[in-house]
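Novice: Sequence:
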Amino acid sequence: SFSCIIIGSAVMSYIIKYVIEKLGDPIENIVCGAAIMISITSLVFLFKLKKYIDNNDLENVKLLGYQENPYKYIKKADIFVCSSRAEGFSTVVSEAVILGKTIVTTECSGMREILGKNAEYGIICKNEEKDLYENLKRVLENKKIFEYYQNKIKERKNFFDMKNNIEKIEKIFQGDKNE
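Under our numbering, residues -12 to 166 are what the sequence shown spells out, in order.
Keep in mind that the hints were calculated from the coordinates and are not lab data.
The beta carbon of each residue, even a glycine, is placed where N, CA and C say it ideally should be.
Keep in mind that the hints are not guaranteed to be accurate.
To be verified - Straight-line Cα separation of at most 25 angstroms, DSS-like style, residue types lysine-lysine; simulated pairs:
no., residue 1, residue 2
1, Lys155, Lys144
2, Lys124, Lys37
3, Lys141, Lys62
4, Lys49, Lys62
5, Lys155, Lys104
6, Lys104, Lys141
7, Lys155, Lys62
8, Lys139, Lys124
Claimed, not checked - Derived DEER-like restraints, expressed as beta-carbon distance ranges:
no., residue 1, residue 2, range
9, Lys117, Lys150, 28 to 34 angstroms
10, Gln54, Gln161, 39 to 45 angstroms
11, Gly52, Gly162, 46 to 52 angstroms
12, Lys113, Gly52, 23 to 29 angstroms
13, Ile159, Phe76, 16 to 22 angstroms
Based on the provided sequences and hints, a complete structural model is requested.
Specialist: Next comes the structure, spelled out in structure tokens:
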């Protein structure tokens, strides 16, 4: 079984219900984080999701809401899911890369910069619930896919290495044409 954390739009976090209904219970625990800004629509979905969790005695699903320090939860997860409808350059996805998590994310700004132009380092899916579910399902049901992205994300961690990036910037300032 996998431990999974889902962070992003409360509307897209409704995917938990969808995953549980379609896959049964392959996920050890799920933690939902939400952005600081929550719309009325998001609140309605969160209420429905909470009711679903309570009605089905899903003790493995935790709704934590916004967390000032999400690292302790991300660190414990095997799979990181970003269900955001929109992002800038996603800090939380960058942090998941640094922590070495297999990532499934919706297509929004910055994801290809973080996970590679061709999504070499993580799964980038359409910004819709069904596609997010299908891609999460692929990772949960196919250990080889999970392991592939676990290995690839280790390579990508270097992209965020401060020393490496400072050296690149210094070379640019020194006029090194190879950078």
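Novice: If a hint holds in the structure, say so; if it doesn't, say that too.
Specialist: Outcome of the hint check:
At most 25 angstroms may separate the alpha-carbon atoms for a hinted pair to count; Lys155 and Lys144 meet this at roughly 16 angstroms. As the CA atoms of Lys124 and Lys37 are separated by approximately 22 angstroms, the hinted pair is consistent with the 25 angstroms bound. Proposed proximity of Lys141 and Lys62 is supported: the alpha carbons are some 14 angstroms apart, at most 25 angstroms. For a cut-off of 25 angstroms, the pair hint linking Lys49 to Lys62 stands: about 16 angstroms separates their Cα positions.
Pair hint Lys155 plus Lys104 holds up; C-alpha atoms about 20 angstroms apart against a cutoff of 25 angstroms. Between Lys104 and Lys141 the alpha-carbon distance is near 17 angstroms, which keeps this suggested pair within the 25 angstroms criterion. Under the criterion of a C-alpha separation no larger than 25 angstroms, the hint pairing Lys155 with Lys62 is inconsistent with the structure, at around 29 angstroms. Taking the CA atoms of Lys139 and Lys124, the gap is near 19 angstroms; set against the 25 angstroms cutoff, the hint holds.
Separation of Lys117 from Lys150 is about 42 angstroms and departs from the stated range, judged on CB atoms against 28 to 34 angstroms. For Gln54 and Gln161, the Cβ-Cβ distance of about 42 angstroms falls inside the hinted range of 39 to 45 angstroms, so the restraint holds. Distance hint for Gly52 and Gly162: a CB-CB separation of about 49 angstroms, consistent with the stated range 46 to 52 angstroms. Hint check: Lys113 to Gly52, Cβ distance near 26 angstroms, so the stated range 23 to 29 angstroms holds.
About 20 angstroms separates the C-beta atoms of Ile159 and Phe76, a value consistent with the hinted range of 16 to 22 angstroms.
The structure fails to meet hints 7 and 9 from the earlier list, while all remaining hints are met.
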